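There are 2 protein chains.
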Amino acid sequence: MRIAVDAMGGDNAPQAIVEGVLLAAKEFNDLEFVLFGDETKIRSAIGTQTIDEKKIRIVHTDEKINSDDEPVKAIRRKKQASMVLAAQAVKDKEADALFSAGNTGALLTAGLLIIGRIKGIDRPALMPILPVIGKKDQQFLLMDAGANADCKPENVYQFGLLGSYYAKFVQGIEKPRVALLNNGSEASKGNDLSKKAHALLAQDGELNFIGNIEAREILTGDADVVVTDGFTGNAVLKTIEGTSLALLKLIKSQIMTGNLKTKLGGLLLKDAMTDIKDVMDYSKHGGAVLFGLQAPVVKTHGSADKVAVYYTVKQIRRIIDSHVIDDLVAHFNALNQKKQAEME
Amino acid sequence: MRIAVDAMGGDNAPQAIVEGVLLAAKEFNDLEFVLFGDETKIRSAIGTQTIDEKKIRIVHTDEKINSDDEPVKAIRRKKQASMVLAAQAVKDKEADALFSAGNTGALLTAGLLIIGRIKGIDRPALMPILPVIGKKDQQFLLMDAGANADCKPENVYQFGLLGSYYAKFVQGIEKPRVALLNNGSEASKGNDLSKKAHALLAQDGELNFIGNIEAREILTGDADVVVTDGFTGNAVLKTIEGTSLALLKLIKSQIMTGNLKTKLGGLLLKDAMTDIKDVMDYSKHGGAVLFGLQAPVVKTHGSADKVAVYYTVKQIRRIIDSHVIDDLVAHFNALNQKKQAEME
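Sequence lines, in order, name chains A and B.
First residue of the first sequence? That's 1 in our numbering, and the numbers climb one at a time after it.
First residue of the second sequence? That's 1 in our numbering, and the numbers climb one at a time after it.
There may be inaccurate statements among the hints.
It does not matter which identical chain is meant; a pair holds if it fits inside one copy or across any two.
[Unchecked claim] In silico BS3-like pairs for lysine-lysine, Cα to Cα no more than 25 Å straight-line:
#1 Lys261 to Lys135
#2 Lys189 to Lys78
#3 Lys26 to Lys78
#4 Lys73 to Lys195
#5 Lys168 to Lys263
#6 Lys339 to Lys152
#7 Lys196 to Lys54
#8 Lys73 to Lys196
#9 Lys79 to Lys135
#10 Lys119 to Lys189
#11 Lys79 to Lys168
#12 Lys261 to Lys136
#13 Lys189 to Lys152
#14 Lys261 to Lys249
#15 Lys54 to Lys119
#16 Lys152 to Lys338
#17 Lys263 to Lys135
#18 Lys135 to Lys270
#19 Lys263 to Lys249
#20 Lys26 to Lys263
#21 Lys196 to Lys152
#22 Lys189 to Lys73
If you're looking for bench data, these hints aren't it; they were derived computationally from the structure.
Note that this is a predicted model, so its numbers are computed, not measured.
Assemble the whole structure, with the sequences as input and the hints as a guide.
This is the structure we're talking about:
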């Protein structure tokens with residue numbers, strides 16, 4: 001399995017990217033990497049570690065995409081950018097997956113324009129893997145978390161299908177519970193989009209569609225896959241992040257400004273609080289997958305450190321190993337043939 | 001000032017409602033109440049307390065709307081329900097405002113069908129008052145939080161106007177900062193609705209429109225009024241609730257299942273944690289206002305206790321006292337006259 005790595009994307013690139021890759025390379029013998037980026041900087045990040053140059057190749061380029069670059073323009077004009085070259089390597093079948101911690105919009109664009117969609121999927125979705133709070137090792141998928149601000153009911157339905165495939169093949173959940181994010185639990189609830197998406201999800205007998213889920217319930221693990229349009233999904237994802245951060249900050253400030261008793265309590269609770277931060281730190285649950293493309297494209301946080309990079313590489317390995325994309329391609333080919341047969 | 005109270009709405013009705021009203025009546029000499037509901041139960045909730053029957057009147061009715069009643073049907077058919085009678089009293093100018101802890105959908109319907117909209121406002125919005133985390137006594141308004149699942153750009157623009165009036169006249173903020181919830185900070189970001197709403201908000205010179213805000217930032221107090229459609233607003237509100245609850249529960253369980261050191265730490269931190277729960281308990285910040293109607297209609301949580309009821313009554317008093325609705329009516333009348341003059 002070979003992963004094309006945009007070594008220059010993210011706040012801590014290339015240092016954190018290279019270190020995370022080396023961690024993963026040490027653990028998994030079946031992984032190969034092509035690192036795209038400034039060779040001098042990459043070599044300096046490798047430092048004195050010895051690497052197997054057959055398994056970790058470096059492709060030098062001076063150009064890179066910045067976090068504030070306008071996505072479509074950047075992908076079209078910066079033909080030699082590390083991210084673009086990495087995407088091209090995947091397109092040319094020189095690598096099985098693309099990894100980046102860089103500009104999310106640009107990565108979405110590179111995925112769409114260079115790697116391309118699976119035939120039959122209209123809109124690939126950004127799919128982060130989020131922790132279920134209070135149940136260690138349980139996770140849920142939220143999609144679309146921001147790739148498609150405007151969605152049609154068919155898109156949301158396809159997200160359910162995509163998520164279900166991922167949960168089944170990559171996460172090993174036999175009958176993934178798919179739920180539609182909505183403003184009430186009854187089937188009649190929602191806006192125009194969610195009502196129509198509900199009807200489409202409900203009529204697919206192969207999906208384990210469990211109906212509507214309210215945003216209040218998603219973190220407690222009632223569903224394995226939560227689908228919605230990319231605008232709402234983005235708002236929900238960022239609200240989870242913002243609320244968690246604000247609450248943890250508030251607790252910290254209560255302890256720092258409290259009396260001696262409170263401060264002592266804070267000191268004694270330090271380990272437990274670190275555990276809590278770990279639960280919320282969803283970089284450890286893997287990156288967000290841009291799912292629905294002809295190869296896995298996985299994005300980790302711009303602020304990812306080597307540990308987050310390591311976990312994301314581990315996740316990519318699992319995705320490639322599962323052959324989920326082959327299964328999706330087969331599903332849509334069969335669907336297409338069925339449609340054509342019906343038309344003839 | 002007279003408040004029409006649906007004494008039978010909410011999980012703890014009429015006990016918590018009556019107790020909260022009595023608390024407020026004791027403090028504010030200028031408040032009168034009409035309690036609609038089962039007189040025997042209301043009298044039993046009053047118990048041995050002596051009340052001024054001129055200031056606290058009881059209007060008996062057997063009927064009430066349940067939390068699982070279908071809103072529109074319930075309002076249309078249960079003509080003698082406590083909520084319907086209370087709304088009718090406001091419509092007939094026998095009371096200045098309506099208070100309920102009952103079925104939210106039914107209250108929205110009662111507000112729209114019985115009390116009626118302010119002329120010029122197409123869609124009243126549900127507007128909860130939320131705490132800014134880490135800044136005591138600072139709050140922000142989120143609207144629409146669920147009254148209108150499908151919105152047009154004009155609706156979202158009007159929410160900005162409504163929220164701005166409330167923040168100015170009721171909360172005393174001179175130039176309320178109005179922000180549009182969006183999936184990025186640049187003006188070009190968003191879905192079709194938010195892009196068009198952005199344009200409308202930006203062209204109103206009287207509004208202090210500060211541009212887009214991401215959901216990650218709303219709890220930190222960067223805006224006084226955050227506007228969005230009712231579907232997204234509902235999802236964001238419920239995500240804040242769900243994330244807070246899940247995190248506090250996780251902290252509690254870490255403490256309960258932890259070692260002796262952790263347990264002792266938890267014990268010492270008990271006061272500080274109660275403070276944190278208080279910050280997140282937004283019932284103390286007042287109820288959610290269904291804003292844009294000819295009179296204030298205020299909803300508190302179904303699970304509200306007497307303290308939450310007391311705070312909500314206090315908030316209603318401030319709304320009536322501010323004459324914000326008169327100002328809104330005047331604004332839209334002037335706007336209307338201007339439009340007519342332009343057409344002639």
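Task: Identical-chain pair category, Lys54 with Lys119, by Cα at 25 Å - done: neither (34 Å within a copy, 74 Å between copies)
Task: Up to 25 Å CA-CA - Lys54 versus Lys196, copy category - done: Neither: 52 Å inside a copy, 53 Å across copies.
Task: Identical-chain pair category, Lys189 with Lys152, by Cα at 25 Å - done: both (17 Å within a copy, 19 Å between copies)
Task: Within, between, both or neither: Lys263, Lys249 at alpha-carbon 25 Å - done: both (15 Å within a copy, 21 Å between copies)
Open item on the list: Checking an output row: Lys152 and Lys338, CA cutoff 25 Å. Within, between, both or neither?
Closed with: within (23 Å within a copy, 39 Å between copies)
- [ ] Please work out whether the CA atoms of Lys73 and Lys195 approach to 25 Å or closer within one copy, between two copies, in both situations, or in neither?
- [x] between (36 Å within a copy, 20 Å between copies)
Open item on the list: Regarding Lys168 and Lys263, is the shortest C-alpha distance of 25 Å or less found within a copy, between copies, in both, or in neither?
Closed with: neither (46 Å within a copy, 39 Å between copies)
TODO: Have a look at Lys263 and Lys135 and pick one of within, between, both or neither, based on CA distance no larger than 25 Å.
DONE: between (29 Å within a copy, 20 Å between copies)
Task: Copy assignment of Lys196 with Lys152, given that the CA separation must stay at most 25 Å - done: Both, since 9 Å and 18 Å are each at most 25 Å.
Task: Intra- versus inter-subunit Cα pairing at 25 Å for Lys261 with Lys135 - done: between (31 Å within a copy, 23 Å between copies)
Task: Identical-chain pair category, Lys119 with Lys189, by Cα at 25 Å - done: neither (32 Å within a copy, 28 Å between copies)
Task: Homomeric proximity label, Lys26 with Lys263: Cα distance no greater than 25 Å - done: Neither: 42 Å inside a chain and 39 Å across chains, both beyond 25 Å.
Hint violations for this structure: numbers 3, 5, 7, 9, 10, 11, 15 and 20, all remaining hints satisfied.
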